[in-house]
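For what it's worth, this note's numbering labels the leading residue of the sequence shown as 4, then goes sequentially.
Think of the hints as simulated: they come from the structure by calculation, not from any bench.
Just so it is clear, the structure is predicted and the values come from calculations on it, not from any experiment.
A virtual CB, placed ideally from N, CA and C, is assigned to each residue, including glycine.
Among the hints, erroneous ones may be present.
[Said to hold, decoys possible] Here are the simulated lysine-lysine pairs, BS3-like style, with alpha carbons at most 25 Å apart: (1) Lys624 <-> Lys495; (2) Lys495 <-> Lys516; (3) Lys58 <-> Lys647; (4) Lys46 <-> Lys8; (5) Lys46 <-> Lys58; (6) Lys289 <-> Lys203; (7) Lys516 <-> Lys343; (8) Lys559 <-> Lys624; (9) Lys274 <-> Lys391; (10) Lys8 <-> Lys72; (11) Lys86 <-> Lys72; (12) Lys643 <-> Lys623; (13) Lys546 <-> Lys647; (14) Lys495 <-> Lys546; (15) Lys147 <-> Lys391; (16) Lys559 <-> Lys546; (17) Lys640 <-> Lys624; (18) Lys46 <-> Lys72; (19) Lys631 <-> Lys516; (20) Lys516 <-> Lys546; (21) Lys640 <-> Lys623; (22) Lys640 <-> Lys516.
[To be verified] Here are the computed distance ranges between Cβ atoms for each label pair: (23) Pro38 <-> Leu500: 36 to 42 Å; (24) Glu89 <-> Leu695: 33 to 39 Å; (25) Gly628 <-> Pro174: 32 to 38 Å.
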Amino acid sequence: MWKLKVAEGSSPWLRSVNGHVGRQIWEFHPSLGSPEELAEIEKLREQFHNSRFEKKHSSDLLMRLQFSKDNPSTTILPQVKVKDTEDITEEKVVNTLRRAISFHSTLQAHDGHWAGDYGGPMFLMPGLVICLSITGALNAILSKEHRREICRYLYNHQNRDGGWGLHIEGPSTMFGSVLTYVTLRLLGEGPNDGDGAMEKGRDWILDHGGATAITSWGKMWLSVLGAFEWCGNNPLPPEIWLLPYILPFHPGRMWCHCRMVYLPMSYLYGKRFVGPITPTVLSLRKELYTVPYHEIDWNRARNECAKEDLYYPHPVVQDILWASLHKAVEPVLMHWPGKKLRDRALRTVMEHIHYEDENTRYICIGPVNKVLNMLCCWVEDPNSEAFKLHLPRIYDYLWVAEDGMKMQIPSKILEWRRFLGNRNVIPSKTWTRGDNGAAQRPCTWTKKKFCVGKGYNGSQLWDTAFAVQAIVSTNLVEEFGQTLRRAHTYIKNSQVLDDCPGNLDFWYRHISKGAWPFSTADHGWPISDCTAEGLKAALLLSKIPVEIVDEPLNTKRLYDAVNVIFSLQNADGGFATYELTRSYSWLELINPAETFGDIVIDYPYVECTSAAIQALTAFKKLYPGHRKEEVERCIEKSAKFIEKIQEADGSWYGSWAVCYTYGTWFGVKGLVAAGRSFSNCSAIRKACDFLLSKQLPCGGWGESYLSCQNKLYATVIPEGDRYTWLVAVGRMEETRFSSTLPPPTPAPLSRLDRRDLQTYQRRHRTTLLPAAPGATATPLLDTVYTNLEGNRSHVVNTGWALLTLIDAGQAERDPLPLHRAAKVLINSQCENGDYPQQFEDRNTTYRLADVANEIRRDFGIEINYQKARRSRETALAYIRGSPEDSYTKLAAWAHNLKVANPELYTL
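Between the sequences and the hints, there should be enough to build the whole structure, so can you do that?
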């Protein structure tokens, strides 16, 4: 049986700065587990497999099963339900909170953090398996049980059409399908194994053009394996690392995740490294292509990309650049005397790789560069100490759940992150006073950067910091003092205590002393919002008696955290993630990744900026004399930045969760912390109007992850006294119509918005310019808030929206929306105090069996299908309203349409 082990590290090849606090690894013990426990685990696996197309995400049931025995709940309180005709009493609120925290405390690890699944992307595990296969360490590192669970995961997340997506929610892509198919083959699966799954996967690949159409990252991995030729790759010259830093395109100016991935890639490209050509590799050369391997046009393959993968098409300037490097520069660098420069560049690259490895204790910033760095160390010297130090850290990235074994995602990298809610949610400040809100960070996919996915070795610090803030806000501190005490210990043990050694400028690193990372101190990379949330939690805990939570964090360490926050503020007042924004947005023109957009530089975000304001405001209250002017200046600049980037409809785009609800929560909270209020800040008023307009009839909020990727693009072309409107939503084809309606005055387009519009034009080969000479087109961009299908509410979105409105003083104006939302959260709580894992299901209907199963789970009541049908019909009628209700609103709707569009005729 699999067992989760926490804060352990017995291998002599493991290094740690704090005794492995926060480390979470899964180990298989054949002697563990009673027959009943093993049968229960198999039942959970079978249930997931049978519903895998409807519910793509695991619910961490293996971990929960273990913790239910290790940390049994001692508090059993009756479940609270509030009827439509009932008022919400303080007693019911407190009882709900007590039940939630009691359950949440049972999920806390003994070192104080909260562990959990942080998976989603499908392109992480292939890199690890390819690397281990090349180095000959596959069977030594991945036991038979590891390999079985990895195969289970990959088969479970195969789409109905036979392919695999970039992530488990996504449609099939060449990148996901080819790499997953290759991974299964390397793990020992035959071409026709998996009850036909392998054959279906191969058919999808061949039907969509074969592996020559894989993305550039996929081409690189296949080339390393020996199933693709390096001449079919666009150049990644390591010599770029020898250029002077003053150049705006120097890799040291790139976003750290981007440069840390392309750093080892450039080494492998520069070496043209190819692993052993095994019988499996030779077989893959036959299985993956539509023509014989020796007949492939590799020069043409360099720029091939399947349409399913083409999120970010290469601009013409990039095609010219790659062709020039490929045909003119690379031949010189591959032969003497140019090879001397290549050798020097490769040595420089390896120096930076070793620096990254050593300063993260061989965890590395994320899973992609982790396996790439490990492979580079082996290529440099198969018997090197560096490679041996890498191997035991592989387990830090692996997670087991009922759907199998996956690699976890790094929080700050992907472009649309998984959002199906986190079960470990305590919606505390929803009903009580306190300094912060209530949620363990959900794993999401949004549209700013690509979170390259367990992309960290977990989200331990982030989850713990929010859990602390949630529990403290409930005023149940004494009751759950032991939980807070353990969490306090973890927060103190996770702060980064020193800067990286050496000249930070030479290594392109930012200061880190006093920061908090996303996961563990061993990982060590400083992050702006993680530092802010860690500081907020530490400050809250410092106000609680030491008899409950132990001694507070040393004041000097608090000062160090504040110093890190100051150092991360950009000139425009905003905060990016790991470092200052070091270059310009036009650098995205040379982004070679077709699948990942906006990854080249580190952009400022509303979430990071808001967290910094909140932390500094809390700090100022307790330490009003420390760098007072700097604190106030930083807060004011940040608040102005947040006001400046607000969308026209009053929302903020959330980049680290879904999406406008999340961003608006941070936007409003930051402004309120900076001293703004509903009465003196129009941005807060607009934000409240936005959220209230999205509240569902049931009282909750439910935003789809599609909000992250679907934006409304409208280009207005003046033609005489009329205007031609071209409208596109997300990736949908455009709609054209002519109108006398002039364009509204748009808010200034941000640099990202302009680039998104240009990308759309390139993708669809569409010109948005008018035919009339001299006329100009006005591009507009609006937000597209997308509800969950069926207008279903989601407890996480509802919690965020409720927290926002409470902070904005909604209770003083009209408390009814708050009570309606609170009722949804109270009634959503499960019998054990947990909250349900809610899924976005866009492909299936809510079956009668689902109704009956959830009634049985939540209330212990058995109902027949007739009752299930009636309850579903009643719920749908409540959500959608009756035709009679809609008819009564038709006249008002037509009137509003006429006012907005005078040229229309309404009947």
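Each hint tested on the structure:
For a cut-off of 25 Å, the pair hint linking Lys624 to Lys495 stands: about 21 Å separates their Cα positions. Taking the CA atoms of Lys495 and Lys516, the gap is near 13 Å; set against the 25 Å cutoff, the hint holds. Annotation: proposed proximity of Lys58 to Lys647 is violated, straight-line Cα distance about 39 Å (limit 25 Å). A C-alpha spacing of about 23 Å is found between Lys46 and Lys8, which places the hinted pair at or below 25 Å, so the restraint holds.
Restraint check for Lys46 and Lys58: satisfied, since their Cα atoms lie roughly 16 Å apart, inside the 25 Å limit. Taken as a hint, the Lys289 and Lys203 pair is honoured in the structure, with Cα atoms around 16 Å apart against an allowance of 25 Å. At roughly 38 Å between alpha-carbon atoms, Lys516 and Lys343 are farther apart than 25 Å, so this suggested pair is violated. For the proposed pair Lys559 and Lys624, the alpha carbon gap of about 16 Å is at most 25 Å, so the pair holds.
Restraint check: the Cα-Cα separation between Lys274 and Lys391 comes to about 21 Å, which is no more than 25 Å; the hinted pair holds. For the hint pairing Lys8 with Lys72, the CA-to-CA distance comes to about 14 Å; that is within 25 Å, so the pair holds. Proximity of Lys86 to Lys72 is assessed by CA-CA distance (about 34 Å); at most 25 Å being required, the pair is judged violated. Proposed proximity of Lys643 and Lys623 is supported: the alpha carbons are some 19 Å apart, at most 25 Å.
With a CA separation close to 34 Å, the supplied pair Lys546 and Lys647 exceeds the 25 Å bound. Restraint check for Lys495 and Lys546: satisfied, since their Cα atoms lie roughly 15 Å apart, inside the 25 Å limit. Between Lys147 and Lys391 the CA atoms are separated by roughly 21 Å; this keeps the pair inside 25 Å, and the hint holds. About 17 Å separates the Cα atoms of Lys559 and Lys546, which keeps this hinted pair within 25 Å; it holds.
A hinted pair counts as satisfied when its Cα atoms are at most 25 Å apart, and Lys640 with Lys624 qualifies at roughly 19 Å. A distance of roughly 18 Å separates the Cα atoms of Lys46 and Lys72; the hinted pair therefore holds under the 25 Å criterion. Proximity of Lys631 to Lys516 is assessed by CA-CA distance (about 21 Å); at most 25 Å being required, the pair is judged to hold. About 24 Å separates the Cα atoms of Lys516 and Lys546, which keeps this hinted pair within 25 Å; it holds.
Taking the CA atoms of Lys640 and Lys623, the gap is about 16 Å. The hint holds against a cut of 25 Å. About 24 Å separates the Cα atoms of Lys640 and Lys516, which keeps this hinted pair within 25 Å; it holds. With their beta carbons about 48 Å apart, Pro38 and Leu500 fall outside the hinted range of 36 to 42 Å. A hinted range of 33 to 39 Å for the beta carbons of Glu89 and Leu695 is inconsistent with their spacing of about 23 Å.
Checked against the hint of 32 to 38 Å, the C-beta distance between Gly628 and Pro174 comes to roughly 57 Å, which is inconsistent with it.
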